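Kindly generate the complete structure, drawing on both the sequences and the hints.
Protein chains in written order, with my numbering: chain A, 1 to 459; chain B, 1 to 228.
Because the hints were derived from the structure by calculation, they are not lab data.
A quick note: this is a predicted structure, and the numbers were derived from the prediction, not measured.
Mixed in with the good hints there might be a few duds.
Just a few of them, taken from the derived set where beta-carbon distance is under 10 Å, the chain B residues facing chain A [claimed, not checked]:
| id | residue |
| --- | --- |
| 1 | L14 |
| 2 | Y27 |
| 3 | F105 |
| 4 | S106 |
| 5 | A108 |
We treat Cβ as the ideally placed atom computed from N, Cα and C, and that holds for glycine.
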Amino acid sequence: MFRRLWSSTVARIVAAIFAVQILSGAATMLLLHSQMLQVIASDRGRQINDLRDDLLAAFYEGGHDGLVRYLGDAHGSVSDPLIFVAVTGKDAPALVHLAAVPEGVTTDRPHAVKVLQVAGGEPVDATAVRADLPDGTRLTVGALNAPDRQFSIAFAEAITLTVVLTALLALGGALMIGLVISRRTHAIAATAEALGSGNFAARIGNAERGDGFDHLRRQMNFMAERIDRLVGELQTVAGTLAHDLRSPVARLKAAIETAQHAAPEGPAAEALALARTDAEALEDMLGAALELVRLESGMVADRRQMLDLADIAADLAELYEPLAEQSGTALSCQTVPVRVLADRELLSRALANLIDNSLKYGGDAITVAVRRERDHAVLEVADNGAGIAEADRDRAVGRFIRLDNARTQPGAGLGLAMVAAVAALHGGTVELAEASGGESAGRGSGRSGLIVRMRLPLD
Amino acid sequence: MSGRILIVEDDERLADYIGQGLTEQNYTVDRAANGRDGLFLATGSEFDAVVLDRMLPGMDGMAVLKAMRAAGVATPVIMLSALGDTDHRVEGLTAGADDYLGKPFSFAELLARVQALQRRGAGGGQAQQSVLHCADLELDRLTRQVRRGGRRITMQPREFRLLEHLMMHAGEVVTRTMLLEAVWDYHFDPGTNVIDVHISRLRRKIDDGEAMPLLHTVRGAGYRLAAD
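See the structure below:
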């Protein structure tokens, strides 16, 4: 299920959009975080420098005592519990908010240090700067980094919330994009499907957006227009051919019949009989070709109805059974009731073609089978004759194709093409396969024959 | 048989061929080369049957047929068409044609159909009877029993229908195509000699060992069940 979903392009696009949105959201937050920390750090530096300057001013005004007094009065930010001050050197050290004087503080600019605020407590992170006074007193001013942590915690909460919200929005957005892509492609595919099944009037609905989809839509519609026109022309040609070619052939045959009437015996009669055979063959081929054009272009009225394939098979088998018996062929049916929406006449004609083919080329056992396979109905004719070499099978379904071993037999070479056209009209397919000896071919003569299998959709 | 037939066909040579054939069979033939003339003749005089081409200059065959039926002319009509497929057949028959024949056709096929229409018009022969007879051959449509003389003949259902159809049209030529349509309800040519083999089976059952064969092959046309 998941693998199938993943193989879907739309699912991948949705996932990619989702990932990009999450990543960009997280990156923005991290950048913002580091920027804020920098701002806070520089603020603290300025605060420490300002305090140092204030203390220096107090020193220059009142000397060491003035400085200690200033600290004792807790002026300005000295009262801030996060601020610490140490005055060391002369006399007893004066410590504000400190348990010990921090080590390694320099005079140039504020540095990160560890300080001990309460004796015996844990050293905490802080920033401090030092000033050396002329009387040997050493002044250390600093601030704890505690607000950073608070800020980080607050920020982490904000990030979590943002990530969750972004995830939801990103997922929603990605799904929506997926849905839009899916719907537009499905609309195009549905039209292509309609065109494929012979509805040449199908077009993709208008949506002037000027994007790639729109381009595709316009090209598809353009293509459909062209197909529609060509099929229309074909239809005209077929009709014209029917009228213009079949009539002369009918007259040719009529003339031969008249001549046969006038010369019932002798060499002329033999020649006329041959001519008549050829005229009839021509007539049949022409009829079959026109029929095929009609079927392939979908120019047939929809005469489909729910019917049982087993009945169709049984009727045809019954029609051919005496002929099969006469030619020493066992014709049998292996059917189960399978109801499909189909045109009885066309399907019967296709099946008649297959049985006729098998009788001509197919050994001594023919099986007509009807069964259900998952989501389609199968109608097949299997024989145990010479079969068709695998390399020739695709070709055999083509028009006017007569494989070498068929040259000696009469026929127009349109049989399998007609079967394929009928299957296509029903939304089905035709495949040729090898009948392994005995399995479908009945008597198990050891020879492998041919299976022609029509698959029709179930409703 | 004889009678008066109207041929409405724009293809002159085909019309000649049909006309000549029918004249040889003692029919009187009138001809029209377009739909308007055809309709004029068909509504103005009495005919036993009309052979009407579907594609005609001016007014096409379907329009002529509809106009004829609208004018209350009940003359049997056989429609001819290069579009001999099922779709057009059904369309033609719904429009009031009595039979439909795809081009090309053999004259024998047309003649058999014209005669069948004439008989149908004349009262349908044995169509309404429950027991059909032909010489000493007897077919009971209710009990589905077949006897020849005193001999009872067992029949498969399809053989029964085949014989029934031949007996309903006893004395007439019935073509292979007509049998396929009436007995099997197929409107395509299954080729080779599918029907011939069915007929020879039937013939073995009813004629074997009899002095007088009843089921005859009419060369180039079809079959005829008759006592002569």
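Each hint, compared with the structure:
{"no.": "1", "hint": "L14", "result": "6 Å, holds"}
{"no.": "2", "hint": "Y27", "result": "16 Å, violated"}
{"no.": "3", "hint": "F105", "result": "7 Å, holds"}
{"no.": "4", "hint": "S106", "result": "7 Å, holds"}
{"no.": "5", "hint": "A108", "result": "9 Å, holds"}
When each numbered hint is compared with the structure, a violation occurs for hint 2 only.
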